[in-house]
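There are 2 protein chains.
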Amino acid sequence: MRAFKTPVSTFVARRNALHATIRTPALLAAGALRARNYPANGYPFRASSHFLYLVGAALPSAVLWLSDGKSTLFIEPEEPGADLWDGPKPSFDSLRETLGMDQVRDLSELESAIEAQRNSIATLPTQDAASCELLSRCLGRQIQPGSGASLKDGAPDAALADAMIALRLRHDDAALEQLRWAASVTAQAHLAGMRATRTARSETEIFGAMMGVLRTAGHEDSFGPIVSKNGEVLHNIRHDNALADGDLVLADVGGETPEGWAGDITRVWPVSGTFSPTQRAIYDVVLAAQCKAIERVRIGVRYRDIHETAKRVMVQGVRDLGIFRGEVDGLLERGAAAIFFPHGIGHLLGLDVHDMEDLGDRAGYAAGRTRSKAFGDCYLRLDRDLEPRMAVTIEPGFYQVPAILASPAYTAAVGNDLRRDVLAKYADVRGIRIEDDVVVTQGDPEVLTKEVPKTAEEVEAIVQSGR
Amino acid sequence: MRAFKTPVSTFVARRNALHATIRTPALLAAGALRARNYPANGYPFRASSHFLYLVGAALPSAVLWLSDGKSTLFIEPEEPGADLWDGPKPSFDSLRETLGMDQVRDLSELESAIEAQRNSIATLPTQDAASCELLSRCLGRQIQPGSGASLKDGAPDAALADAMIALRLRHDDAALEQLRWAASVTAQAHLAGMRATRTARSETEIFGAMMGVLRTAGHEDSFGPIVSKNGEVLHNIRHDNALADGDLVLADVGGETPEGWAGDITRVWPVSGTFSPTQRAIYDVVLAAQCKAIERVRIGVRYRDIHETAKRVMVQGVRDLGIFRGEVDGLLERGAAAIFFPHGIGHLLGLDVHDMEDLGDRAGYAAGRTRSKAFGDCYLRLDRDLEPRMAVTIEPGFYQVPAILASPAYTAAVGNDLRRDVLAKYADVRGIRIEDDVVVTQGDPEVLTKEVPKTAEEVEAIVQSGR
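Those protein sequence lines, which keep their order, are chains A and B. With the working numbering applied, the first sequence covers 280 to 746. With the working numbering applied, the second sequence covers 280 to 746.
Keep in mind the hints are simulated off the structure, nothing from the lab. Take the hints with a grain of salt, since some may be wrong.
[As the list claims (entries may be wrong)] Below, a sample of chain A positions facing chain B; criterion: calculated Cβ distance under 8 Å:
#1 320
#2 456
#3 477
#4 491
#5 522
Note that CB positions come from ideal geometry on N, CA and C, so glycine has one too.
Sequences are here, hints too, so could you generate the full structure?
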């Protein structure tokens, strides 16, 4: 598979677009390497998404300085003798050219270079303590590792965040190319996972087949992969269970391109190669909800309404199976959807798999909109009217979560209209989620992840072909 | 491949052995989860090796408290509602039993529980800022993320470090079982990498094949994998070069078992399936040095002497090819070995791939021994007399590092006895290293990594079989 590389002109254009909208200078840190078990043994470096968006290169400890329409990159100078171990590094001049910067300078000059503007500089959250220390020192105020909760309306940091959000919400052509690539590699990983299943004795073997495909394409993980027969554990990070015919495998896995863009696909398939009738029935309900939701991905549509559509299709389908009793409208009002579908229909997708979640709900929620207080709906990560070139996931699910089903807090309002005797017949369905990556266009949405099969028959055929 | 799990009795025995040697209470942090691009998207959690050695479970933010012969584990309580997303967690009581602890308690009780002994508590370095903050608060003194440089002889932390080193230097049966497993999985990864080479167009594809094997076995990376045709860049973390016949691939990759134990193998193989005569000649020199060095791995032998043996075989071999001129003794005295072999012959292997490097040279260097000042020798990570059950790597190499060959600082002493005209014929050899994992026993050393081929013919046969 070919690799895609964003041209330097795109990064220059992105920086210029930001320059045009911000009124204060800005300082954005790439982030620092982090030690794993000892200092020389670090985690793979992942630069901040804001930095990657504007610079395109993962340079540990680098800082981008935007002021007066000029872009200056401050980087760590090469340590004496480092070329013995790391090979020759590009010179400041050659980096300036490759990255289209106005200047590249030594990081040790940063503090004095920006001192005069120190009280008016905006910045955005970084995730590591060392970068926060550097920023705190440069800006003369406390910068905490964080989630954007510290962004206060009206403050320079919030204005910078809003400017970045405005840019990053609508993906440019290069961004869409990266997202298509991430989606395509992720789709290949799912196909490999399906094909590895019939001979796999444990989740780990399916996981390994999928990871092999991602790494072969040069992709990292865009998030901690989920490959589990316990699909009802939503944040499951283990994949060491033995598998048996009758189990379903839920795989929620995403590749990340070398420039940092995310894929994110969920599929569920039967270990035996064939869904049981009960599994198939629920699968088709989730699939119907997912397809209906994707159809609704159009310019101007409010994303929350798509969430509501999926909830309605789910409740209708589950009622038609006899698990709920009563009118769909009434069931929805009483919170029936969240009993089996307790999360949101999806999220923004971009350089982060939950794009710009480091800015809190500022990116996901339009001005004036806030999270619902209702169980289920409160986990909706996106409530904006869709705009062209936005990328979102669409991922309804059905889960039998013991902590939900056992708790009157979540089920009392539905009461006996949740027919537990009927539900008991579906005991072999622990968790089913179907997720695609979708781009809003002028017409029908562009489904980036359509390479990976979705109907029950298609999925079964791929699993069976792996024998 | 079957998975290996250390019984709880081993962890109890390790803790009891530590209790028997320390004179102060000790507080050991597992370490905290670290955010990757936003707080909910973290790096895969890797607990501190000291914690893993004594507890065996990777519990984020947990702290082990050792006092008066009792072991107490303080852990974060479950957040309300976390079971909705993470599934049910084991109760404190069930954890106490599974982990063989005297007590399991809520982390919020830690400070008051240890307050009375606060001024006499020892601890060891941790790598993340959050754990350092917690330890600093509990101990009433500044604990920095670190490399053991802060361990001062005579202080309680240094005594605790020495006690841990005494324990961890000689591996117990369970540790050896984990190391054998890591070595075996790592060997399978190298075989897969070799087999993937003839059809691979880039380093990434070989890398992906190797990662697939590690993950399929449930292993993480014990360090940032090196898979490169530029073997002369010793700390090479890129693997995106195109490959062509004539290139050599250097793969230095290690698996890490779920309990945290490391494998570490380097092999070099020809992309074409056949070494050129010049590549083969150098390969055989490195192989001879490596085999001779492994033979010397015996109880009581000083590891530095094995390093010297390898240097001598290397210089002799390179001289026999005509690249050096003169007597081997004289060449060695003038620093000839480091021109092509600028690193140490290996390192301790255990829970860290450079075992206990977080304690600085305290683990690697016997009391009274210090690093050499000579280029090359100064990078030797281990200078102890070998003891039974120690695990070490043996990994000589030959590299044409431009920054070394171009610098009189490294080459002047050898002067014209480095015959650059002869060396020029070996331009297709950029870097060759051969590395195995070896355990010191009563008799011949146990080579954990012997499953992966090593002679040039064996390596060629595997590469060719992948066509």
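Consistency of the hints with the structure:
The criterion of a C-beta within 8 Å of any C-beta in chain B is met by residue 320 of chain A, whose closest approach is roughly 5 Å, and the hint holds. A hinted interface residue such as residue 456 of chain A counts as satisfied when its beta carbon comes closer than 8 Å to some beta carbon of chain B; here the least separation is about 18 Å, so the hint is violated. Given the 8 Å rule on beta carbons, the hint for residue 477 of chain A is violated: about 15 Å separates it from the nearest Cβ of chain B. Among the interface hints, the one on residue 491 of chain A holds; its C-beta lies about 2 Å from the nearest C-beta in chain B, closer than the 8 Å criterion.
A hinted interface residue such as residue 522 of chain A counts as satisfied when its beta carbon comes closer than 8 Å to some beta carbon of chain B; here the least separation is about 13 Å, so the hint is violated.
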